[in-house]
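**Student:** The residues making up each chain are set out below.
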Amino acid sequence: MIAIFKRELKSYFTGMMGYVFIAFVLLFIGIYTTALNLKYAYPGFEYVIKSCSFMFLIAVPVLTMRVFAEERKQNTDQLLYSLPISVIDMVMGKYLAMVVLLAIPTAVVSFYPLLIGSFGAVSYSTAYSSIIAFFLLGCALIAIGMFMSSITENQIIAAVMCLGTLILCFLMTALSNLMTSTALASTLSLMIVALLLSLIVRLMTKSWSAAGLTAVITFVPLVLLYLISPTTIAGAFTKALAALAVFDRMNSFTSGIFDLTGLVYFVSVAALFCFFTVQAVEKRRWS
Amino acid sequence: MIEVQNLTKVYGNHIAVDHVSFTIDSGKIYGFLGPNGAGKSTTMNIITGCLAATEGTVTVDGHDIFEDPILAKKNIGYLPEMPPLYQDMTVIDYLRFVAEAKGVPAKTLDGEVARVMAKTGVTEMRLRLIKNLSKGYRQRTGLAQAILGDPKVIILDEPTVGLDPQQLIEIRDLIRELGHDRTVMLSSHIMQEISAVCDMLIIIANGKLVAEDTPENLEQHAESEQTLRLVVHADEEQAQAIIATMGDMVAIRSAKSVGEGETELELGVLSDADVREKLFYAFADEKHAILSMVREKQSLEDVFLSLTGSDATGKGGNGK
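Residue numbers (the numbering used here), protein chains in the order written: chain A, 1 to 287; chain B, 1 to 320.
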């Protein structure tokens, strides 16, 4: 793992990628700090963090698109497969290199609250818990992007898929508010999701019976739940959608609450997508 | 050293490797031969753990490549068909990375990298970016990567493709040298190349194993089917009558007269014995002169073609 990690980290700095990424993050945070803290004299650094989180929409796909897609393109995946290292080490080495790359601008940014603090009273605890949340949000999004890169051979497709997913996550709260949360609408929407799920099962297993089984298994409890206790299912769909709003998990941190569930959420998303990446890389040997 | 049992790989509805079994003993150079699309690369990819098999097992030095991949892969150095190189690294950085990943101890790492660079002749290119190297040097860097860490088995997939004649000789010498104390398996679709360096040949066609033997044995097998071409001073009927007296040993494959009472004959010799002398006296006794006689030995190339050819037309598969 250490060999992969070192190679990856080094490769960011032999090319432009590492410098561009760090410069991009620092530039964005710098602009917002100048505008909000210095020009308008807001005393809190959390405003800057809150306004800057959308920057990940661009920075993450650019960073992650090449991570696995390029290996396949230049055939080096064959080298990695034939070396005596496990797929988990391979994925974690790459992931940690990207996390370290994100940690560099985050460390620089950590000095900003101190800087602002020398001109007035700043809530350091809010500022630093926001910075921690910002870093963890980035880690979660990088894991999502890495997974997108592992399922395709083309960097551009990986970047576009990652961008699309991140935009969806970014807008999810707004989208879920558009949905009506009556019991019937919620049940129908969940059924559509279940139908899509069984279609995916059909695509993956090429068996209609497995897909049918998935559909039945998901439909029956939904219908039963709708008939027995409509109040439970009302709003379930919007709640499910809201759970996918990765970016909005940061809001409690920036409003001064050190939200442990939020931390657990970010770490879980990162772990889940690292796990998916391992599976995707492993699966490629079978095709 | 390597035991391949019942190996099968199916892509969709195309069978790339079809129940192949063979054993590779240590300390020999194995040639893995077959026409394009025979399943050579697929088999090698499975042996090295780059690809999962549909069926069958591979064990390397007692470790199953699927159950115990890390221990099995520690014994293998692999150069795939396309050398797996990071374009934006220098040769030395790349080799250091591979050495670290292979678990070469930090103390001996520099020495080991220097050793393989010297062996493959890339030392003077060590500070160049791989993307700026020529095809031959890329191939050598790939080879250097494979022999790093001194693995017990070295697997090379078409290692000589794209090399100039001088490099070809150098790489062959290197392979021979490696074969002294290690097991080497190299694939090719060129017969001469393989017969020049290998102790054993494994021939596959259309995913099936068709032969596994030493080049000498295969050649002997070829010699038992020699062909004689002769021009005699006799007409067709006379010639046929004389050859008929020789019994089952020879059979006329074709005969045609070429003017002035001369006849050209092509004879298939069924026995191992040399029948040229007998033929000479048979014609001399009848007062017919033999004007020319040429013995055509079947080369290893022909054996290869005859072994792989009949199968190749059968299924018409040319997939990867």
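These are computed hints drawn from the structure, not numbers from a lab.
A portion of the hints provided could be inaccurate.
[What the hints assert, rightly or not] Quick list of in silico lysine to aspartate or glutamate cross-link-like pairs, EDC-like style, CA-CA up to 16 Å:
| id | chain 1 | residue 1 | chain 2 | residue 2 |
| --- | --- | --- | --- | --- |
| 1 | B | 28 | B | 216 |
| 2 | B | 131 | B | 100 |
| 3 | A | 10 | B | 266 |
| 4 | A | 6 | B | 100 |
| 5 | B | 287 | B | 237 |
| 6 | A | 73 | B | 88 |
| 7 | B | 256 | B | 266 |
| 8 | A | 6 | B | 93 |
[Unchecked claim] Far from chain A, by Cβ distances over 12 Å, these chain B residues were calculated:
| id | residue |
| --- | --- |
| 9 | 15 |
| 10 | 102 |
| 11 | 172 |
| 12 | 192 |
Ideal Cβ positions, reconstructed from N, Cα and C, are used throughout, including at glycine.
**Student:** A separate judgement is required for each hint: does it hold in the structure or not?
**Tutor:** Do the hints match the structure? See the list:
Pair hint residue 28(B) plus residue 216(B) holds up; C-alpha atoms about 15 Å apart against a cutoff of 16 Å. For the proposed pair residue 131(B) and residue 100(B), the alpha carbon gap of about 22 Å is over 16 Å, so the pair is violated. Distance check on the hinted pair: residue 10(A) and residue 266(B) sit about 69 Å apart at the alpha-carbon level, beyond 16 Å; violated. The hinted pair formed by residue 6(A) and residue 100(B) meets the criterion: a straight-line CA distance of about 10 Å does not exceed 16 Å.
For the hint pairing residue 287(B) with residue 237(B), the CA-to-CA distance comes to about 15 Å; that is within 16 Å, so the pair holds. Simply put, residue 73(A) and residue 88(B) have alpha-carbon atoms about 13 Å apart, close enough for the 16 Å limit, and the pair holds. The straight-line distance between the Cα atoms of residue 256(B) and residue 266(B) is roughly 9 Å, inside the 16 Å bound, and the hint therefore holds. Only pairs whose Cα atoms come within 16 Å are accepted, and residue 6(A) paired with residue 93(B) is accepted, the gap being roughly 11 Å.
Consistency note on residue 15(B): stated as away from chain A, and its beta-carbon is indeed over 12 Å from all of that chain's, at 15 Å minimum. Remark: the non-interface label on residue 102(B) conflicts with the geometry, its nearest Cβ contact in chain A lying 6 Å away (cut-off 12 Å). The claim that residue 172(B) lies off the interface holds: its Cβ sits roughly 23 Å from the closest Cβ of chain A, which is beyond the 12 Å cut-off. At the 12 Å boundary, the C-beta of residue 192(B) stays outside the reach of chain A, the nearest C-beta of that chain being 28 Å off.
Consistency note: the structure conflicts with the earlier hints numbered 2, 3 and 10.
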